[in-house]
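Number of protein chains: 2
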Amino acid sequence: MVRQDRAIRTRKLILENMAILFNEVGYDAATIAALVERTGLTRGALYFHFASKEDMARAVLDEAVTREGLSPQAFKLQEWVDLGLLLAHRLPREPILRAAVRLAVDPKARRLFGTRWPDWVAVGDELLSEAKVNGELLAHADPAAVSRAVVGAWTGVQLVTEVLEEKLDLSQEIAGLYQLLLPSIVTPVVLAKLDLSPYRAERLLLRENGGEQAPDHE
Amino acid sequence: MVRQDRAIRTRKLILENMAILFNEVGYDAATIAALVERTGLTRGALYFHFASKEDMARAVLDEAVTREGLSPQAFKLQEWVDLGLLLAHRLPREPILRAAVRLAVDPKARRLFGTRWPDWVAVGDELLSEAKVNGELLAHADPAAVSRAVVGAWTGVQLVTEVLEEKLDLSQEIAGLYQLLLPSIVTPVVLAKLDLSPYRAERLLLRENGGEQAPDHE
Numbered sequence: 001m002v003r004q005d006r007a008i009r010t011r012k013l014i015l016e017n018m019a020i021l022f023n024e025v026g027y028d029a030a031t032i033a034a035l036v037e038r039t040g041l042t043r044g045a046l047y048f049h050f051a052s053k054e055d056m057a058r059a060v061l062d063e064a065v066t067r068e069g070l071s072p073q074a075f076k077l078q079e080w081v082d083l084g085l086l087l088a089h090r091l092p093r094e095p096i097l098r099a100a101v102r103l104a105v106d107p108k109a110r111r112l113f114g115t116r117w118p119d120w121v122a123v124g125d126e127l128l129s130e131a132k133v134n135g136e137l138l139a140h141a142d143p144a145a146v147s148r149a150v151v152g153a154w155t156g157v158q159l160v161t162e163v164l165e166e167k168l169d170l171s172q173e174i175a176g177l178y179q180l181l182l183p184s185i186v187t188p189v190v191l192a193k194l195d196l197s198p199y200r201a202e203r204l205l206l207r208e209n210g211g212e213q214a215p216d217h218e
Numbered sequence: 001m002v003r004q005d006r007a008i009r010t011r012k013l014i015l016e017n018m019a020i021l022f023n024e025v026g027y028d029a030a031t032i033a034a035l036v037e038r039t040g041l042t043r044g045a046l047y048f049h050f051a052s053k054e055d056m057a058r059a060v061l062d063e064a065v066t067r068e069g070l071s072p073q074a075f076k077l078q079e080w081v082d083l084g085l086l087l088a089h090r091l092p093r094e095p096i097l098r099a100a101v102r103l104a105v106d107p108k109a110r111r112l113f114g115t116r117w118p119d120w121v122a123v124g125d126e127l128l129s130e131a132k133v134n135g136e137l138l139a140h141a142d143p144a145a146v147s148r149a150v151v152g153a154w155t156g157v158q159l160v161t162e163v164l165e166e167k168l169d170l171s172q173e174i175a176g177l178y179q180l181l182l183p184s185i186v187t188p189v190v191l192a193k194l195d196l197s198p199y200r201a202e203r204l205l206l207r208e209n210g211g212e213q214a215p216d217h218e
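Heads up: the sequence lines are chains Z and S, in that order. Numbered by full-length UniProt numbering, the letters in the first sequence go through residues 1 to 218 in order. Numbered by full-length UniProt numbering, the letters in the second sequence go through residues 1 to 218 in order.
If you're looking for bench data, these hints aren't it; they were derived computationally from the structure. Accuracy of the hints is not assured; some may be wrong.
Just so you know, same-sequence chains aren't split out, so a pair can sit in one copy or run between any two.
[As the list claims (entries may be wrong)] Capping the alpha-carbon separation at 30 Å, the derived lysine-lysine pairs in BS3-like fashion look like this: (1) K12 to K53; (2) K132 to K193; (3) K108 to K12; (4) K108 to K53; (5) K108 to K193; (6) K132 to K12.
Based on the provided sequences and hints, a complete structural model is requested.
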């Protein structure tokens, strides 16, 4: 059991360091040699966990569509927003999630492994369709089109936020995006009841991890 | 004069073909050898126009912040929307514009050349600030934050649109994005007078190029 735990930790360590390399130099220039140097592990240890660089890229993308921290809410729309806020909170802290976006916008990696955008669009479409059935959405709002627009907008806001010189916080920027978009698709009554705070994700994750005192930013 | 025209056309041909290579294989893997093969030009001819691959990447980025087709409108907000619609119309038709986005999301190219996102954010901020002074925006709308969100959202919608399997039209997707965002920032009176049609850019460009019959899609 202890041995298995260690194996899981080592696998995660390898994947995180490869993700950092993907982020820093891109898919093509990231090498096993650089990974050996970063981790101090032997090639044998690396190949015990992953067959190849391609295998690591696939593992990065497999971790990209995550619902960690998500819990059932009174409004399906809140769950849909929570997905985006949770990812915005986690991405600056988790190189593997950043690398998944990086691989999606890299022409070679994209050709080899595809992207997880269609999966994200499907997840959003499903939640928004339920919200629509529940009467949370305005009549003209098209769940598939909105989900598509928001997966794109979320991705681009992340990419631009990390480049702009100002010290921008991704959670703030993504919360601002939802605040811009939601009035066009949600009924006013539901809108007034949604929590679009940039600190919401942190609270959700603390609650899930059994933290007793959620930080109070407001 | 004829000679100069030919030089301008050759320069454009080189830049377009290098842009196609950047789009297909990424900055790092794009080579002068592949460019020679694509264009049929000699290395001497290429180096007459550009000193290096780096020089071509810079030239691609220099063409990225473009106001082609833009003309003064009754509302500054219409000009701001027109910028985004014009770019959405042109990008699928112009490899150089696509390559500018591609270089911006490539870690190595970004480190070497930066991106034009700060310039786009500044252009949007300026137009939105004028719109605010003119009373076109709602009181709470922050020009800098909205400009940042829309530069990000625009970029991401473009990246995701070209990946999704469905035959999506970028002009339609970007028009949809503005239709989602604008009700949160514009006064209802101005909103009713804006043209957010996906066919608007085509009409603006035809008018500029002296076309007499604009296509009528509606």
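Hints versus structure:
no., hint, result
1, K12 to K53, "within (15 Å within a copy, 38 Å between copies)"
2, K132 to K193, "both (16 Å within a copy, 29 Å between copies)"
3, K108 to K12, "both (24 Å within a copy, 26 Å between copies)"
4, K108 to K53, "both (13 Å within a copy, 19 Å between copies)"
5, K108 to K193, "neither (44 Å within a copy, 44 Å between copies)"
6, K132 to K12, "neither (39 Å within a copy, 49 Å between copies)"
Comparing the model with each numbered hint stated earlier shows that hints 5, 6 do not hold.
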